[in-house]
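*Asks:* Build the complex from these two chains, which are given one at a time in their own frames, with help from the hints.
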Amino acid sequence: MRFRDLKRVPLLALLVLGAASLLFDLTLSARLPSGADWAEAAGALRARAEPGDAVQLWPVWAERARLFVDAMPVLAEEDLANADYVHVQRLWVLSLPRAPHFSAPDGVLRSRGAAPLADAQRFGAIALQPWDLHAPPIAADLTRSPEEHEVDYVARRCLRVAVGSRLTARGGGSALHVRAGVIGERAYDAGRPEIAVQIFADGAPLGTLEVPRTQRDGTGWRRLDLPLPAGPAERDFVFAISSADPGRPFCLQAWTTR
Amino acid sequence: MKRLARRLGFLTAAAMALTQAPVGFVRDEGYYFTAARSYEEWLRFLLQAPLQALGQTERYWSYNFEHPGLTKLLFAASHLVFSTWLKLLPDALAWRLPAFAFAGLLSYWLCILGSRRSRAAGVLAPLLFWCAERTFFHGHLACFDIPICALWAGVGVAWLRASGQPPAPSRQLWLAFVYGVSLAVKHNAWFLPPVLLVHALLLRGEERKRALLTLPWLLLSPLVLFAAWPLLWHDPIRHLGDWIAFHTQHVHYAWWYFGQVLRGPPFPVVYPLVIDALALPLPLVALLAAAGAKLLADFARRRLDAQRLLELGLAGAALLPFLLRTTPIFGGLKHWLAFVALLTPEAAALLVRAAEQAPWPRSRALALGAAAALLPGLWQIVHVHPYGTSAYGELAGGIPGAASLGMQRQYWSNNLTSVLPWLNAHCPPGARVYFHEVNVESYRTYILSGMLRPDLRYASGPAESDYVALQWHREFRDREPETWNAFGTHRPATGLYLDEVPQIVVYARPGLPGAP
Chain S
1 MRFRDLKRVP
11 LLALLVLGAA
21 SLLFDLTLSA
31 RLPSGADWAE
41 AAGALRARAE
51 PGDAVQLWPV
61 WAERARLFVD
71 AMPVLAEEDL
81 ANADYVHVQR
91 LWVLSLPRAP
101 HFSAPDGVLR
111 SRGAAPLADA
121 QRFGAIALQP
131 WDLHAPPIAA
141 DLTRSPEEHE
151 VDYVARRCLR
161 VAVGSRLTAR
171 GGGSALHVRA
181 GVIGERAYDA
191 GRPEIAVQIF
201 ADGAPLGTLE
211 VPRTQRDGTG
221 WRRLDLPLPA
231 GPAERDFVFA
241 ISSADPGRPF
251 CLQAWTTR
Chain F
1001 MKRLARRLGF
1011 LTAAAMALTQ
1021 APVGFVRDEG
1031 YYFTAARSYE
1041 EWLRFLLQAP
1051 LQALGQTERY
1061 WSYNFEHPGL
1071 TKLLFAASHL
1081 VFSTWLKLLP
1091 DALAWRLPAF
1101 AFAGLLSYWL
1111 CILGSRRSRA
1121 AGVLAPLLFW
1131 CAERTFFHGH
1141 LACFDIPICA
1151 LWAGVGVAWL
1161 RASGQPPAPS
1171 RQLWLAFVYG
1181 VSLAVKHNAW
1191 FLPPVLLVHA
1201 LLLRGEERKR
1211 ALLTLPWLLL
1221 SPLVLFAAWP
1231 LLWHDPIRHL
1241 GDWIAFHTQH
1251 VHYAWWYFGQ
1261 VLRGPPFPVV
1271 YPLVIDALAL
1281 PLPLVALLAA
1291 AGAKLLADFA
1301 RRRLDAQRLL
1311 ELGLAGAALL
1321 PFLLRTTPIF
1331 GGLKHWLAFV
1341 ALLTPEAAAL
1351 LVRAAEQAPW
1361 PRSRALALGA
1371 AAALLPGLWQ
1381 IVHVHPYGTS
1391 AYGELAGGIP
1401 GAASLGMQRQ
1411 YWSNNLTSVL
1421 PWLNAHCPPG
1431 ARVYFHEVNV
1441 ESYRTYILSG
1451 MLRPDLRYAS
1461 GPAESDYVAL
1471 QWHREFRDRE
1481 PETWNAFGTH
1491 RPATGLYLDE
1501 VPQIVVYARP
1511 GLPGAP
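So the sequences go chain by chain: S and F. Each residue of the first sequence is one higher than the one before, counting from 1 in this note's numbering. Each residue of the second sequence is one higher than the one before, counting from 1001 in this note's numbering.
Here chain F stands alone, though its shape is the one from the complex (with noise of 0.2 angstroms):
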């Protein structure tokens, strides 16, 4: 089973690698990319002078101190051999290439769950988590969401491990390891050994005792975070308060909901799994809800073996911090991405049962019961990819139901890749740019990567620039008047229009190349 989980994460990885290059760069990797370029300073100096980079950790690792360092680490190290060294891969895909194993890690421990009910749920399970065009985006990006929920998996199923056989040292120290690699991926993790703790406390007699036992062995995984992030290296206390104080105070990004602009607490209680049920492939949304219920039937009926209850546990634990009212809830359902993953081998064993139950031949049931829960997402993928955030269900009716009921329409700044071509064609030479909201490290990634021509320049705002291309952000909507005003016109002269609804609109200024 262990050969099939790993087919199925190299596959994971490699379709992400093979789709990745028409992903424009979120505002986030723009922050990650500069860190990872400063932490690849770092590795050179290290490799030429050892004491003096050690001594000198805080100034290459500070930028981005709210981050643990290992994916920022890996991204740096990837660049390093895969670019610098070996000039193999272009920067970008370099960079992002620690996040695809991520994404396959995660295919490889949903499988493994999803196995142990059957071999078609353990390739149903990671099928239903990729197949959905807002999880397919976050695959590919250089970023913390999907590297947390792969260990979010990771962590349970080293924990069923080192808990629930006779006690072996190697389990207990894979466990302290994987925990301790999730702490150093991002701050989501401090909340896994209170789940680790209610699952252990709430099994019987030996295994409770096992899985008690357990639990101390996490003391150790703080050596990985401290290994893993040279920035706490020297002063640790002092940035242990910064990342802790970041997160503790983290500031609320405005949010667009059935009309509203949420700006601050309290935000509605269903908010997340309103959020889960638009955005997601009708037929997953059902499934996933399915197993939840499901779930949380057999745990009330004291039905749930170790497994299933950590499975609820980590689900829960993944959702919860977002049904307290008060959690910034910006970034759509990346937050929580671990809730969908957690549930889909319970989602998988259900679609296996309901065609195991059908009056036809199981693999014809099973072939059209996974079609049906699968099509639709791979509709959206093929329909929507690269613009992942964009992405809604059916039940929100799509993109444009979703722009009717008020719905964010998008978040970051990705899709400008479907206007750069155009700005590359007709900008003139030294052409103004107003980019809005793709920051200046993003905006010079593109021109890295070759997709930007490196002679347009950053604008800081429509009546400094010559060409603006606004992202359709509702909390924005002043930026479109400012260019009006600025321009002289209101017609745009291209833009990325997915199933009619805005995303990005550009305007050039009249007599430029490309003005209407």
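Chain S on its own, in the form it takes in the complex (with noise of 0.2 angstroms):
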């Protein structure tokens, strides 16, 4: 290249930039969905919703649905190696592939035992495919909260429980799935001391999950499995509460599964 070719190269950047950029701008709504598209994705979710489904949003902030969505839960799980999908049996996955730094969520779900159950449908930019996530059958929902709260930055259908209070439930199974965490912006707060959950079944000591104030978000939200030793069909669990400093609003989830 000569060096007066070079000359031209800062305009012809600059126009190549400037020509990209508006291509961008003026094609981006076509990769994003209308509200037929949404119409029709919440259309066929109702003519094939059953019990246990739910719908995940991927990505998270496409909750626009909520306003379509009316045959089954709207889920924004952000963590989908790790959501819990308490209750779920088949999981509905909403995505928006066209949508700008898009990453399919299938190797995740599958990386996590989920499988498909059919291809991806396409309504417009929406894709919606069913996924079964293999989830071993609960056994007892032993918080049964009526509310959702949010820890972590995302909806958890979790008791509000006051610190320092004990939770008795009764159920059986062979594992007890224990979450827990502070609601809402509290749980960043500096200096507190940490917040543990006492486990008992039929007055023995299972475990312990401890909640410490959340650093980096993605943490809050704590979790404990435990396999639950060989025994009767059905246990009283105790949930204890404790912190030094009480003051902070308190979420609990608990469940078994056979």
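These are computed hints drawn from the structure, not numbers from a lab. Treat the hints loosely; a few may be bogus.
[Stated by the list, open to error] Partner residues are not named here, just some residues of chain S that face chain F (Cβ under 10 angstroms, in silico):
#, residue
1, P59
2, H149
3, R192
4, P193
[What the hints assert, rightly or not] Derived list of chain F stretches under chain S, where covered just means 3 residues or more per stretch with a C-beta under 8 angstroms from a C-beta of chain S:
#, stretch
5, 1023-1035
6, 1348-1358
7, 1400-1410
Beta carbons: idealized from backbone N, C-alpha and C, even for Gly.
*Replies:* Here is the structure:
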């Protein structure tokens, strides 16, 4: 390339950048769903809905779906690998594969043992695919929360319990699953002591779930999974919540699986 | 050239005035409107009973003590004249009018700086600054960010005139005045004297001597601060102390950045540069980056003249506090708008130079280059305005790309204007509405300006409300499940979704009008 040609480069680069930017801007809406796409996808879900179904949005910001989907719970779990999907037997993944920075959820879902039940169906810019999570069946929902609370930026069906209180529940199963965290931004309060959930089954200690102050997003919803020793078909569980600082809003979820 | 600069200034102010109506009242404006109301009362009192008014400055001026008085005094005076007396303008427009004047001044001074390179650069410099929704949006607000950005450039122009020619007291007095005005606008101005001192020291020979002799004129500038801020007329030391303490102990607001909510220092050192790169249109980002690199390279090679050296210093000084990792970072790029502004003259010059070197006729090459640089930003304005704090550029992947990256979705609460017509149409008389991040001051202004029905009541939370208008903020995600629990439904009634990304989500109690 001659020196004279090099002088053209800055303007040409700017023209290419400008044209590419405009192309991106003007075509963005074509890569996103229209109202008709949403309505069609919601209609398909309505037609095929069964008990135990839920919709997972991907990317999680695609919450405009809530305006349209009325046949089953709409979930916006951010960590597909570790989300519990309690009570969900079939997960409909509603995704926007042409959205910028989209990362396909398939690999993560497969890595947790889920398998697609059918090919993805397209509704314009929306892809809809049912997945079997191969999750062990629920034996007992020990917290049976009628409410949802935000912990670690995800709505959780957990029970708000006072720190310093005890929660009792009865149920069977071969494994116990306990989840807990501080609701909202108070999870990040500096200098606060941890909250401990001590778990007893028929009076015998099973374990303790410790919930320290959240330091990094994505770590605030603490997990404890315990195998239950052989014993009676049903047991009395006690969850004792304690901390030197009782002031924070605390949420607990527990269930057993067969 | 001044004529061209004046025209661009007027055009800028007119553009702001013509496009301001749908711009919602940001949280800060709510406070400044309230302050302006109080100061307007004082002005009327001053006209009726001057001595008594002078004795009661503290009563009227204590509100919003954390910011100097000038801009709020101008908001008040504008409202007094154009709304209270002449009844020519609606309240919000009257309050915002001085802000448009500052936007015009910014264009004027950028044109002056650019036109010292070429006439085309003089035109392009302000256009480059304003052709982005983020900057364009801020030009509409009765706040301090664009005014201090304008004065950052204005002080630069005044300094060059005062120090770059044989001494003339009129130029030096003008510099002292302009710097005084900047002090009376926002505390960012505290950083300017060190920049001017370093600039003076980096000049050579006679230039350095003239510049150093110009500096002491700035000692007059606090007189403007004092004159324009009646709060300081009684017990000035205490009020100055309160002002300084507020900013040296400023709280940190949560800010979402690449999937993590930043709550306190240390912040990422590259944070302000990354925000600029992601929020502004890509061609502008490239030109600003090239301008910054060129200025730095020429600085290293000692090839900067006094003006370009000053532009580099002013741009750097606008950015520097946010590279320290401890300065509060909330508010997106509004706090370092002067960084963008002071790079635009160089960016404009680079664009002109690139056009001149192309193998086409200069005018055609310049038109093509300008179109490439400006059209994406113009599209951003057309597409996103008036929701300026939500705008993201092509590098982020637009608004949906930024949402996927985990970037702050919006700030303040001005996007609420998108759902006000729906609320007005559907809410039954006396309905209680939870407006979330909209403070009561902005709520009152929406009613005052006729954008919200006056019978709609301000509710303190979802449980106490009939309707909820949630602004999507990462740190307030708990409000949506709270609403679900209170209303017994997960289905919104309507909302503002920009390129599908939720900004405002409205819920209605089942059974009420508009509920799904």
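*Asks:* Hints first: check each against the structure and report whether it holds.
*Replies:* Here's how the hints hold up against the structure:
1. Look at P59(S): its Cβ gets to within about 5 angstroms of chain F, closer than 10 angstroms, so that hint holds up.
2. Hint status for H149(S): holds, given a least beta-carbon distance of 5 angstroms to chain F, under 10 angstroms.
3. Look at R192(S): its Cβ only gets to about 14 angstroms from chain F, farther than 10 angstroms, so that hint breaks.
4. Hint status for P193(S) relative to chain F: violated, with the closest Cβ pair at about 19 angstroms, above 10 angstroms.
5. Figure legend: the stretch 1023-1035 of chain F, annotated as covered by chain S; annotation inconsistent (0 residues with Cβ-Cβ distances under 8 angstroms, at least 3 required).
6. As drawn, the stretch 1348-1358 of chain F meets chain S at 7 residues by the rule of a beta-carbon pair under 8 angstroms; at three or more, the given contact holds.
7. Counting residues of the stretch 1400-1410 of chain F whose CB lies closer than 8 angstroms to any CB of chain S gives 5, so the stated coverage by that chain holds, three being the minimum.
Consistency with the previously given hints fails for numbers 3, 4 and 5, ordered from lowest to highest.
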